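Please build the complex by placing chain B on the supplied structure of chain A, with the hints as guidance.
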Amino acid sequence: MAVKFRRSNDSVASIGGDALTCVLDVSYDEQGDVLVSDCDNAAGKKAQVLGGIVRTGTLTAEVESNDEAQLELIDPGNTGAWIDRPYGASGVEWTATAVTVSNRRFVSSRNNLTTYEVGLFFSGLDHSSI
Amino acid sequence: MAKFRRSNDSVCSLASHVLTCVLDVSYDEQGDVLVSDCDDANAEKEQVMGGIVETGTMTAEINDDDEVQLGYVDVGTSGAWLDQPDGATATYIQWTATAATVSSRRVTSSRNNLTTYEIGLIFSVLDHSAISA
Numbered sequence: 001m002a003v004k005f006r007r008s009n010d011s012v013a014s015i016g017g018d019a020l021t022c023v024l025d026v027s028y029d030e031q032g033d034v035l036v037s038d039c040d041n042a043a044g045k046k047a048q049v050l051g052g053i054v055r056t057g058t059l060t061a062e063v064e065s066n067d068e069a070q071l072e073l074i075d076p077g078n079t080g081a082w083i084d085r086p087y088g089a090s091g092v093e094w095t096a097t098a099v100t101v102s103n104r105r106f107v108s109s110r111n112n113l114t115t116y117e118v119g120l121f122f123s124g125l126d127h128s129s130i
Numbered sequence: 001m002a003k004f005r006r007s008n009d010s011v012c013s014l015a016s017h018v019l020t021c022v023l024d025v026s027y028d029e030q031g032d033v034l035v036s037d038c039d040d041a042n043a044e045k046e047q048v049m050g051g052i053v054e055t056g057t058m059t060a061e062i063n064d065d066d067e068v069q070l071g072y073v074d075v076g077t078s079g080a081w082l083d084q085p086d087g088a089t090a091t092y093i094q095w096t097a098t099a100a101t102v103s104s105r106r107v108t109s110s111r112n113n114l115t116t117y118e119i120g121l122i123f124s125v126l127d128h129s130a131i132s133a
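Line order of the protein sequences matches chains A and B. Residue numbers for the first sequence follow my numbering, beginning at 1 and rising by one. Residue numbers for the second sequence follow my numbering, beginning at 1 and rising by one.
Bear in mind the hints are in silico, worked out from the structure with no lab data behind them. None of these values were measured; they are calculated from a predicted model. Backbone N, C-alpha and C define an ideal beta-carbon position, used for all residues, glycine too. Relax, there's no trap hidden among the hints.
Straight-line distance between alpha carbons at most 16 Å, and here's what the computed EDC-like set of lysine to aspartate or glutamate pairs gives:
| no. | chain 1 | residue 1 | chain 2 | residue 2 |
| --- | --- | --- | --- | --- |
| 1 | B | K45 | A | D29 |
| 2 | B | K3 | A | E62 |
| 3 | B | K45 | A | D33 |
| 4 | B | K45 | A | D126 |
| 5 | B | K3 | A | E68 |
| 6 | A | K4 | A | E93 |
| 7 | B | K3 | A | E64 |
With beta-carbon atoms standing in for the labels, derived distance ranges:
| no. | chain 1 | residue 1 | chain 2 | residue 2 | range |
| --- | --- | --- | --- | --- | --- |
| 8 | B | V53 | A | D29 | 20 to 26 Å |
| 9 | A | K46 | B | D39 | 22 to 28 Å |
| 10 | A | D29 | B | T91 | 32 to 38 Å |
| 11 | A | A81 | B | K3 | 24 to 30 Å |
Sample of chain B residues at the chain A side, in silico, Cβ under 7 Å:
| no. | residue |
| --- | --- |
| 12 | K3 |
| 13 | R6 |
| 14 | L23 |
| 15 | P85 |
| 16 | T91 |
| 17 | Y92 |
Isolated chain A, as found in the complex:
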């Protein structure tokens, strides 16, 4: 029976075969160019054509005090194969031939647990059923 789901400790996310721990959320943004024609007359509806697609994403995770190794995995410029199984070893998975970390924001505060957020861009991003 199909169920709604959220990320949990069963979720799997990895870059280059290295697992990322305590991932809070992952987002995928697939943004296509929309090319709009101005050739129609008067109040006619403009024709629209889909152009190239840019695929990016973000990932947020908590980090532990003695787990500097996690930060090494997501240094800006790092690249590798991408696997994300948000519901664990069954259901939907997202894969990419290559993901590259394009930016990172690391925040430590007295009011919140320490987290990082990375920006990602993908090559060959796809979803499938495990």
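Just chain B now, kept in the frame of chain A:
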């Protein structure tokens, strides 16, 4: 392993001057992403990583008789950067930079909140590492 937040164990210094009561520190490493328009139709566009700009912010509370703290974070001040957000324990995360320069500062005193300052930082050779034993 433990989740952590900043505390009085945290260590943060600029040019070897310890900054007190730091509330939060953020690091922003922003890479250029260069996007190719050479693919046809609605194919996935090729993306290439470009240069990376490393900046950050820091917020702290300030005491009424501690003007010397403001002297440590005057705009234009530059020096080596050290941040050990969960303290100086071996194996814990630390951030270092050959140089951090204060690029901006905002000091706010109010009847509704404690007095704080926020500074913007630009880094040269920002890096993270595990504190050695």
